[in-house]
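K.L.:
If you want the building blocks of each chain, they are given just below.
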Amino acid sequence: MSNIILKLSALLSRGERALVVAFTGLLVLIITINMVTRAVGWSQYWADEAAIQTMVIASFAGASQMARQRADFSVTTLLEVLPQPLVRILLMLVRLICLTLCVFLLWLAWRWFDPVALARAGFDLGAFAAATQNFVYMEQTQTLGIAKFWFYLILPWFALSMIVHGAANLIEVAQGKAAGESAVRAPSDADVALS
Amino acid sequence: MVTTASFFALMMVGVPIAIVLLLAAIVFAFASSNPALMGSYLQQLYGGIDSYGLLAFPLFLLVGEIMNKGGVTQRLLDMSAACLGPVKGGLAYINVIANAVLSAILGSASAQIAIMGRMIIPEMVRRGYDKPFAAALTAVAGLLGPIIPPSLMFVVYSVMTQVSIGDMLIAGILPGILLAAALMGVIWLIGFVRDLPREPRLSWSERGRALVSGLPALAIPVVMIGGIMSGLATPTESAALAAIAAYVAGRYYGQALSWSELRLMLLNTGLNTGMILFLVAAANVFTWVLIYGNVPQTVSSWIEGLATGPISFMLLVMVVLLVIGTVIDGVPGLIMVVPILFPIATQVYHIDPVHFGVVVCINLVLGLVSPPVGIALFVAAQAAEMKPGDIFMASMPFCLAACAVLVILCLFPWFSLALIR
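Those protein sequences? They're chains A and B, same order as listed. FYI, in our numbering the residues of the first sequence are 1 to 195. FYI, in our numbering the residues of the second sequence are 1 to 421.
Careful, some of the hints might be misleading.
Unchecked claim - Here are the computed lysine to aspartate or glutamate pairs in the EDC-like style, where the Cα-Cα straight-line distance is at most 16 Å:
#1 Lys387(B) <-> Glu80(A)
#2 Lys88(B) <-> Glu199(B)
#3 Lys131(B) <-> Asp195(B)
#4 Lys131(B) <-> Asp390(B)
#5 Lys148(A) <-> Glu199(B)
#6 Lys148(A) <-> Glu80(A)
As the list claims (entries may be wrong) - Between beta-carbon pairs, the in silico distance windows are:
#7 Gln297(B) <-> Trp107(A): 27 to 37 Å
#8 Arg38(A) <-> Arg421(B): 20 to 30 Å
#9 Leu78(A) <-> Thr346(B): 31 to 41 Å
Honestly, the hints are just simulated from the structure, not real lab data. Predicted, not measured: the structure shown is a model, and the values here were computed from it. Note that beta-carbon positions come from the ideal geometry of N, C-alpha and C, so glycine has one too.
Put together the whole structure using the sequences plus the hints.
P.N.:
Set out below in structure tokens:
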């Protein structure tokens with residue numbers, strides 16, 4: 001079971017990294033196109049919103065990846081002073097807390113998108129909104145001409161992906177593979193880039 | 001009470017700060033009998049980064065990635081040496097000047113310390129400076145990174161508070177120059193007390209070559225700061241122009257990007273953007289819940305009892321942030337304190353939001369050189385192959401100078417506001 005989760009996490013990671021590269025590149029491209037077209041008086045009104053949505057999707061995919069690499073910001077003072085066996089228990093607790101939150105996020109996403117009620121409404125978005133007073137499927141982007149929920153779908157994906165990565169992190173801590181993270185940790189690339 | 005306890009307990013056991021913020025928001029919603037807030041929880045999470053202003057963030061990171069590729073730092077050092085001449089402690093001054101210029105290209109202290117540390121610490125040691133002094137100076141001079149524009153912290157602050165990003169970025173210029181001057185003052189004083197090596201005299205042709213070689217790198221801050229100050233481009237557009245300028249400068253230095261390098265740069269940019277923007281998104285959820293529960297008003301009435309005016313409030317904030325800065329890094333610290341302190345500063349004490357932002361950011365930046373977390377010390381120690389503790393003592397005079405600058409900035413808002421008013 002643990003091998004399956006680790007493999008699934010690795011597979012997801014590959015996909016997320018490709019998505020991050022593609023969307024970050026797309027983001028730069030859209031902003032450049034917007035600048036050039038505005039300079040020549042042929043402004044593309046959709047470009048700003050497209051760039052923002054691209055950034056949001058890339059960000060959630062990137063955040064999920066960074067969580068898998070355990071490169072997220074945290075206060076490690078206590079982990080640096082405790083004895084190793086206690087550190088391992090504490091790390092497992094931390095990973096378990098993260099995992100629980102992600103399960104909760106997935107549950108919130110399920111409630112928000114409410115696929116059961118949507119199916120019950122015969123996938124009629126208007127009928128769904130009237131019956132549930134949930135307008136997630138009715139919200140429109142301002143300039144792109146598509147419904148906002150297509151972009152919101154990154155959230156359930158993010159929650160699901162964080163569950164898989166969280167489980168993989170927990171397994172690694174339990175197997176002792178990540179014990180080193182507790183020590184006086186040298187800054188990761190992420191720390192270096194962002195502080 | 002339950003929220004505060006869970007917040008600090010989760011943070012201290014090492015739960016990632018973004019997760020702490022999200023969990024604290026949930027605890028608060030249930031503890032204050034508002035579980036209905038969960039209905040908009042995910043929308044707030046998404047909405048936290050659904051912002052035009054944040055587009056500058058990945059672009060600033062990308063500029064740094066392109067310029068990190070190499071070549072630029074050495075040219076900036078040569079150019080600084082050409083400007084300075086053979087003075088006592090020359091290489092120490094060059095360290096500060098090159099850091100100030102590099103700050104106008106990169107927006108982060110640790111990236112800057114990592115790059116500069118690898119180049120200048122060994123060079124300073126080779127020229128006769130003692131290693132802890134070289135590493136400490138490089139660590140503290142690296143703090144100019146998040147102060148002189150482009151500054152990633154200022155972008156985050158602007159988006160959180162709806163303050164103009166352009167104003168915030170420009171407001172960092174004078175405080176950055178003041179900090180650089182203070183560091184150079186400390187070098188002068190140290191040189192007065194003990195002997196510091198002198199730089200060799202350069203011929204005029206050598207100086208000319210160094211200046212010409214460094215000029216393309218200067219195109220980046222010129223494009224970025226010039227674009228914002230002239231009003232010709234938004235900070236996002238200026239950042240995009242700077243990315244193009246960085247690419248062109250890279251080509252000038254003979255560094256055409258291969259596909260694999262470009263892919264790696266985009267990946268690093270995307271991953272780092274993701275990590276920080278997730279934090280911003282989580283902070284948005286947390287702030288939303290806090291506002292719903294009138295927490296800023298409660299804290300405000302408590303603080304009003306302690307601080308009688310804007311100056312005493314700012315000094316109180318400075319002490320609190322210096323303490324927070326010892327355990328939490330810049331951007332996460334900013335994200336945790338701004339939602340509570342900003343409304344109090346601007347609505348109760350009528351402090352200018354830009355001035356407040358500059359002081360808070362610089363305050364938190366100082367935490368980067370204070371143990372036990374002190375990322376800047378770690379990075380400099382790594383570059384110098386030393387222990388962070390060995391650098392800390394040597395960094396004390398520079399840290400005290402930086403604290404003095406902070407007090408000056410706090411007392412005289414002119415330094416933050418002169419260029420934008």
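K.L.:
Could you run down the list of hints and mark each one as holding or not?
P.N.:
Evaluation of the provided hints:
1. Lys387(B) <-> Glu80(A): Satisfied, since the Cα-Cα distance of roughly 15 Å is no more than 16 Å.
2. Lys88(B) <-> Glu199(B): Roughly 7 Å separates the two Cα atoms, so the pair holds.
3. Lys131(B) <-> Asp195(B): 15 Å, holds
4. Lys131(B) <-> Asp390(B): 10 Å, holds
5. Lys148(A) <-> Glu199(B): 61 Å, violated
6. Lys148(A) <-> Glu80(A): Status violated; Cα separation ~44 Å.
7. Gln297(B) <-> Trp107(A): 27 to 37 Å: 32 Å, holds
8. Arg38(A) <-> Arg421(B): 20 to 30 Å: Once the Cβ atoms are compared, 28 Å apart, the range 20 to 30 Å for arginine 421(B) and arginine 38(A) holds.
9. Leu78(A) <-> Thr346(B): 31 to 41 Å: 35 Å, holds
Hints 5, 6 from the list above are not met by this structure, while the remaining hints are.
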